[in-house]
Amino acid sequence: MGAAVTSALLQAAALVALVLACAIPLSGYLVNVMEGRLTPARRVLGPVERAACRLMGVREEDSMGWRRFLVSALLFTAVCFAGLTAILMGQGRLPWNPEGCAGLPADTAFNLAASFVTNTDWQPVAGETRLSYFSQAAGLAVQNFLSPAVGLAAAFALLRGLAAHGTGKLGNFFVDVVRAVLYVLLPLALALSLVGLWQGTPQTFEGYETVQLLEPVAIDAQGNVVAADDPAAVREVTEAVVPLGPQASQVAIKQLGTNGGGFNGANSASALENPTPLTNFLQCAAMPLIPFALVLAFGRMVGDRRQGRALMAAVLVLLGVALVAVVAAETAATPQLAADGAVYVGDLGQSAGNMEGKECRIGVGPSALWAVLTTATATGATNASMAGMTPVGVAVPIVLMGLGEVVGGGVGTGLAALVGFAVLTVFIASLMVGRSPEYLGKKIGPAEMRMATVAVVSPALVILAAATVLALAPTGAVSTSQGGAYGFSDLLYAATSAGANNGSALAGLAANTPLVNGVLGVEMLLGRLVPLAAVLALAGSLAAREPQPSGAGTLSTASPLFVGLLLVIIVLVGALTLLPALALGPLAEQFTTVL
Amino acid sequence: MNGTTIARGAASAAVLFLLATVLCGIVYPWAVAGVGAVAFPAQATGSIIEVDGVKYGSELVGQPFSDPTHLWGRPTVANATTFAGEDGEPLLWYEPENISPASDEFAAVVAERAAVVRAAHPGEGDAPVPSDLVTASGSGFDPHISPAAAEYQVGRIAAATGRSEEEVRAIIRQCTEKPLLGALGASRVNVLKVNLMLDGIL
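Respectively, the protein sequence lines represent chains V and E. The numbering of the first sequence is the UniProt record's numbering, which starts it at 1 and goes up by one. The numbering of the second sequence is the UniProt record's numbering, which starts it at 1 and goes up by one.
These are calculated hints, taken from the structure and not from any lab test. Careful, some of the hints might be misleading.
Stated by the list, open to error - For each label pair, taking beta carbons as the anchor points, the in silico distance ranges come out as:
#, chain 1, residue 1, chain 2, residue 2, range
1, V, Phe591, E, Ala111, 18 to 28 angstroms
2, E, Arg173, V, Thr475, 50 to 60 angstroms
3, E, Gly182, V, Val44, 34 to 44 angstroms
4, V, Val44, E, Gly88, 46 to 56 angstroms
5, V, Gln212, E, Glu167, 43 to 53 angstroms
6, V, Leu10, E, Ala10, 17 to 27 angstroms
Said to hold, decoys possible - Here are some, though not all, of the chain V residues that point toward chain E, as calculated from beta-carbon distances under 8 angstroms:
#, residue
7, Ile24
8, Leu26
9, Gly207
10, Ala240
11, Leu282
12, Ala285
13, Ser385
14, Asn512
15, Thr513
16, Thr577
17, Phe591
Just so it is clear, CB atoms sit at the ideal spot from N, CA and C, and this is done for glycine as well.
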């Protein structure tokens, strides 16, 4: 292994270690505030929580069964979807619009609203070019708080279901959402946004800035930049735009809430959103922070921290494999870039390798780390162009997304997917040795198995269905920038990103068309709501069961053996669903162009 | 679950949406903007470099440079169709290149860029061109290049401006940001700042 690979992996290991060190205390804090225990935070913000609950007409003691919890979550998602659609379509008549952005057409608004209420943050248009400050701050950013809050509520419903003694009750959905926003997401976002602001991320409600170009450029009749002596040049451009707006506040929560939707189209590759190595490090660490803390909170909630550590170990193994693969591929660059020795692809001072689509202040290694973490968690923010990644650097993110949010995943949804896989593993392992399956003292019956299977398999089914629709669409209705294997990767990436509620893109797909907006919009809603319903149903039937004391015949779910089995099941399900599609896209590209 | 329960749930959902819009969508961003206006006014408004009333750009947004007297940055993909000024005059804006680094198309783009850079730097002979001078960045407007890419251009800038190579290097050094604590991030040179200093503006 070269020095550049080693140094990039050391940095990655340091970041993951730091996140884990923060996730341990955060997991205890999460349990305390979500379970309504008295903490310093509740002493300060308790009156706000109580006022909100009074206004909503809900009480903590009014604990819901799984059906009511699910209906509440669906109603809330519907309200958010309707409200956000109205804001996006009506932004022309709303305040905070210094650039005079017109309301979005219905198909774009549908896609964006579906995207942000499902914690996906896929964006068919670049925010800085089409959205008013109101749409960004009071529309999209609000969903950046609420969609992870819904995820946290669902995760705690599942944890209460695992811990309950036959009550069938999962907690109050509305109280959970308020607590998640008030005690977890808002304080963390405020802290991160202030660091970003200090480092250079804009935060203003004034309009964009216009600046002089030191070297004016010539453009042709279509507005494309051409050489000054080009006969097609029709006029000179002497000024450039600097997009401003309430960026720091939005960037913080898009990272912490595993949302990923940038204020700007360039996302965190833009030096405005991500100005320094410090902001890059913190934004990168913010993505897995809450998902990791939730995995550890799982152990605390079921009264056996080893259970949380076992799941965490499985997550870290998958993360480690993905990291090594992407860092090695990006550091090695491609023969196309090396251009027979005309281009130096060695160490430029901490950034050797594939600089295409990467930013100089960030470098190749941290960009590779980010690409892995943004797709391992269901964030989808980017600090480099995903299209500029090597074929392996594209394939690994597709796999991480396609596995179904198990490597951290989205806030709440990641833990739910992981528990779904654990239940599946318990069932298979127990049948192999002829024991009756049980997890954490709860018997796993046919009802639990059905729901766990739906939760685990539905995202992959949704992804493959959408990829099929996009690939079979008539020529012209769906277009990509390049053809062949890469063009298919583009479609597959978009479908995977939407179905897994990730939101990152290869960006070669012309995404803002009615067909693509519609297909991906429906896909994002299904990829979010079907597993959510299955997980809450699973939680409900677990909550109705009395825990059994574990006997000599009980399979230990905290042992290395179980972690290994869990990994085999995750990889097996992932390989069965994804390999054929991967072979047609990035794998074909890797074998034909790089090797 | 009856109709009343569902109606009550819908009402709670609507109230929660409105409360969150006020708290997370109005109070939170304005509070951060307030801190910005008081504590970090320059950063909050885009880190604009302003000299004698002229705004020359943002420290965080690169510009296209091709003049022999200037330091060149990352290749930009710019257009003048996205934004227009108050009088309708076109304004420059950037987009990512979004091209696969394993494609033939990319190989052709890189070969062409490398040939242009090499032709402009005969003093560098057959030395390979630093990769950041022939690759577009993730944003399309990376404000920085690596110290190696800056050093590659020193001879050409010195010859074109009549400055000594040492003077050019001193300016580049002044505009070089180091990794945080010597470990985090990469060393990088702010291209716009170098050129404003070369032009005697900054």
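Verification of the supplied hints:
1. V/Phe591 with E/Ala111: 18 to 28 angstroms: Given about 23 angstroms between the Cβ atoms, the range holds.
2. E/Arg173 with V/Thr475: 50 to 60 angstroms: holds, 55 angstroms
3. E/Gly182 with V/Val44: 34 to 44 angstroms: holds, 39 angstroms
4. V/Val44 with E/Gly88: 46 to 56 angstroms: holds, 52 angstroms
5. V/Gln212 with E/Glu167: 43 to 53 angstroms: violated, 25 angstroms
6. V/Leu10 with E/Ala10: 17 to 27 angstroms: Given about 52 angstroms between the Cβ atoms, the range is violated.
7. Ile24: violated, 23 angstroms
8. Leu26: At about 20 angstroms, which exceeds the 8 angstroms cut-off, the nearest Cβ of chain E leaves the hint on V/Leu26 violated.
9. Gly207: violated, 10 angstroms
10. Ala240: holds, 4 angstroms
11. Leu282: This interface hint is violated because 10 angstroms lies over the 8 angstroms limit.
12. Ala285: violated, 12 angstroms
13. Ser385: holds, 5 angstroms
14. Asn512: violated, 14 angstroms
15. Thr513: violated, 17 angstroms
16. Thr577: violated, 24 angstroms
17. Phe591: violated, 11 angstroms
Hints 5, 6, 7, 8, 9, 11, 12, 14, 15, 16 and 17 from the earlier list are contradicted by this structure; the remaining hints agree with it.
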